[in-house]
Structure formats: structure tokens, C-alpha cells
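Take these sequences, add in the hints, and give me the full structure.
Here is what each chain is made of, one letter per residue.
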Amino acid sequence: MFLIQASTTTALFLGTIGMLVLTIGLVVFIIMHQRRVQRFQQKLQQMEIEQQKMMLNASIKMQEEERQRLAADLHDDAGPLLATARLYLNENLVNQDKVNQLQSIFQARQIIDDTIQLIRNISHDLMPPTLKNFGLESAINDLFQKISGSGTVNASQRFHDYKDRLKPEKELLVFRIVQELINNILKHSNSSFIHLTQNVHADKFYLRIHHDGRGIIQSDFEKLNKSNIGLGLKNIGSRIRLLQGEILFEKDISQTYYKVTIEVPKDEPYSS
Amino acid sequence: MVKIQNIENHFYNILTYTYLLPPLLFLLFRNKLRQEKNGILIATYSLTFFFLVLFEDSITTNSFSKRLYYQSFTFFEYLFFTGVFWFAIKNLRVRKAILILSLLFSTFQIIYFFTEKFKRIDSIPIGIESILILIYIFYFFFEQLKEPKGKHLWENYCFWFATGILIYLSGSFFINILANVMEKDDIRRYWFLTYIADIIKNIFLAIGVLVMAKQSPNDEKLKKNLPYLDMN
Chain D
1 MFLIQASTTT ALFLGTIGML VLTIGLVVFI IMHQRRVQRF QQKLQQMEIE QQKMMLNASI
61 KMQEEERQRL AADLHDDAGP LLATARLYLN ENLVNQDKVN QLQSIFQARQ IIDDTIQLIR
121 NISHDLMPPT LKNFGLESAI NDLFQKISGS GTVNASQRFH DYKDRLKPEK ELLVFRIVQE
181 LINNILKHSN SSFIHLTQNV HADKFYLRIH HDGRGIIQSD FEKLNKSNIG LGLKNIGSRI
241 RLLQGEILFE KDISQTYYKV TIEVPKDEPY SS
Chain A
1 MVKIQNIENH FYNILTYTYL LPPLLFLLFR NKLRQEKNGI LIATYSLTFF FLVLFEDSIT
61 TNSFSKRLYY QSFTFFEYLF FTGVFWFAIK NLRVRKAILI LSLLFSTFQI IYFFTEKFKR
121 IDSIPIGIES ILILIYIFYF FFEQLKEPKG KHLWENYCFW FATGILIYLS GSFFINILAN
181 VMEKDDIRRY WFLTYIADII KNIFLAIGVL VMAKQSPNDE KLKKNLPYLD MN
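Chains D and A supply the protein sequences, listed in that same order. Taking the numbering used here, the leading residue of the first sequence gets 1, the next gets one more, and so forth. Taking the numbering used here, the leading residue of the second sequence gets 1, the next gets one more, and so forth.
Honestly, the hints are just simulated from the structure, not real lab data.
Listed next, the in silico SDA-like pairs over lysine to any residue satisfying Cα-Cα at most 20 Å (straight line):
#  : chain 1 : residue 1 : chain 2 : residue 2
1  : D       : Lys204    : D       : Arg176
2  : A       : Lys146    : D       : Val37
3  : A       : Lys151    : D       : Met47
4  : D       : Lys266    : A       : Pro227
5  : D       : Lys223    : D       : Asn184
6  : A       : Lys151    : D       : His33
7  : D       : Lys43     : A       : Leu145
8  : D       : Lys234    : D       : Asp220
9  : D       : Lys204    : D       : Gln157
10 : A       : Lys151    : D       : Phe40
11 : D       : Lys251    : A       : Leu226
12 : D       : Lys163    : A       : Leu226
13 : A       : Lys146    : D       : His33
14 : D       : Lys204    : A       : Asp230
Here it is, written out as C-alpha cells:
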């Protein structure tokens, strides 16, 4: 009887200790294994990120260089050439009768003026001079003035604290993101107003766009980002990644506005 | 013997009140955890078992109530623990299997309740419950290993729940199995071991609730520390 009792107690102790050792062993094994896998994955991910960053950087840099070159060509070559053509036209029309002469000259001038204006517009679209010369605030102001000028959408902006400008390459990326967002709002949202607010906090630069039309929330953005459609949103995503920032699409608590908030690390101050 | 009884009483008291840790933490972080099914489940489990343990003596007055109490204890424990892994496991087939196993186990418990002679505790249902929960835990860990995420395992609240439950089941498995064949004195002498395992489990569940509260969606990260960005 005593022996049976002793063996039961031994079984209890050995069994419990065995189970606990197995349990702890299992948990430790799982943690160790997961850490090993994680380290490997991290290394792989790091390499992938580096590669992606390099490719994205190269492609954006190339695009921007191309745009700048195009802008310079159009502005410096096409503009003066057309202007000279206008002068020649004026000279050759001297021998015609007065009424026709005046009419032709007027029409030719009109067309050439339009062309010059068109080229200027293309050039500005490719590399906004305001952005290059006066910075993000002025460029966004210009963009919003043009939108408001159309009369259908009331666009306004307010920069609370932009004493320390972002680096030019960052400004350009942020401007392109804003341009893309505004384009989307104008194209799809049917909103009557757009308002942009800027502020800074700690080492972060923030931009928020409000609009009262149809919009998207974060889950829609992530879904569209993964799908085959929504190239513009993908560009926004990759620019945000390049800036090492964050973007948040949401609906206002009042349910009347949609908000897009962009957060970008500020780096060290850049003086213009 | 008196000394042992005293130690056991201390462990019993500590155990009873450690059951309050998860619901209290849940209450503290209720705004964050309102939507977390597993948080609600663990808080409800702990609160239910706090009262069950607290009023054990007043409930178990006769043989039938004792039987009903222990079987209900096993049943609800199985139900809550299974619930945790039901929500944590992603594989639909396994979830279906859990459902079928749970139905089988519940049927077995009903049959056991009406057919088997009750001695001290319901060792066999406890044994089956432990094995089933252990299987769910192993599968949960397997799933975690199969699809490693970017973060550490201990940053997943379910890891703490699983480890706590694992320690509790391992620490109390043999004593529960042998409870009906051991001497009454031996049971009294060693029963406090289950209290220790139970206390560890409750602490781990509380840590799990804390980890759950710390986890916040990505957009929350952007929402905090935002400067003034409104329209006016």
C-alpha cells in the first residue's frame, strides 16, 4: 500500500516536473526559432528595402531630371524661336493690302501668343518655378489660386509654421503628392471646397487636406494600393515611402469632410 | 500539517485575487480594448472564475452540488480557453475541427455527468480538456512559426495567454489525473501546486491584456501627437 502511494507521489512529481520542463522547453524553442527566422527575414527585408529605395530614387531622380531638361528646352529654345517667328511674320506681311495685313498680323500674333503661353504652361507644369524659387508654400498657393480661379471649387491653404523649409527634393516630393491628391479630389470627389493646412510638431512636418466631396478612407487606400488600379495612389504610396513618412485617409468625426494627413520627418532646417 | 494548510490557504487567497487582475486591466484600458474579442473573453473568464473560486465553499455543500460545481468549472474553463484559441487561430479547417471536438467533448461531459461515479474531482474530463487545449496551443504556436510576422512573439498578446494556460495545464495535469487515486492527505499536501500554476496563469493573462492594450493600429500612431491641423 505504502509502495503504491509512494509511486503515485513520485509519478505526480515526475510527471508535473516533466510537463513543466517540456512546456518551458517548448516556449523557449519557439521563441529562439522565431528570433532566428525573424533575424533572417529582417536581413532579407532590409536588402529588399534598400534595393527598392535605390530603384525608386533612381527612377524619380531620372524623371525629375528629364522634366527639368524638358522645361529648360521648352522655355529657353521653343519660346524665343516662336517669338522670332512672330517677328518674321510681321516683316513678310508688309507688302499685302492693309486690311488683310492687319487681320493676318493680328491672327498670327494671337496664335503665337497662345503658343508661347502654352509652352510656358507646360514648362511650369513640369517643374513649377515657384516651387524651385520660392518653396512649397508659394507653389501650393499658386496651385490653389489656379483651382479657385476656375470658379467651381474654392481652394484655400494655411501654413501655420513653415519658417524652416524642407529640403528641395523633399519639397518636390511633397508637392507632387499634394498635386496628385488634389487631382484625385478634382477628378473624383465632386467637392465644393478644398482646404490645406500645414503645421509642425517635434521633428515632423504635417499637411492635411480637407474636402467635402466623395473620398476614401485608409482601408480603401490600402486596398487600391494593392490592386492593379489606382496608379496615382501607388505613386503617392511610393513617394511617402521614399520620404519615410506616413499618410492617413479618414473621414471627419462630423462625417461631412474627408481628411488626408501627411506626416514627413523634417530633417535639419534648410534655408532658402 | 497545520503549517501546510496555512501555506495552502495563502496560495488560495492569492489565487482568488489574481483572478481579478485581467478584468481590472481590461477595465483600465476599456477604451482601447472595447473591440478586442479575446480581451472581453479573458476578462469575463477571470471574473466568472473569481466568483466561482471565491464562493467555492458555499456552493459545494453536498455531493451533487460539488459534482455540478467541478464539472461546470471544467466545462466553462474549456469553453473560455477554446474561445481564446478559436479567435487566435486563422486556419478555417482547424477552427471547424475545434468546433467538432468541442461538441464531442461537451457531449462526453454530459454523459460522464450522468453515468460516472464521482469521487473527488472529474479527473477524466479534466484530462481530456487539458489534452484538447494543449493541442490547440501547439497548433497556435505552429501557426505562429509558420507565418512569422515582423514583430517578436512576445509582442503578441496571445503568446502570453497561450504560455499562461500551458503552464497552468502542465502544472496541474498530473495532480488532476491522480486526484481520485491519491490519499486524501497527499492531495491536501500537494494541491497547492495547482494554485501556483493557476496564479502564474492569471499573471500571464494579465500581461497578455497589457500587451493587447499596448498594441494599437498603425493609423493610431499617426493620430497621436498631431499638431493643430483644423480648418480655422
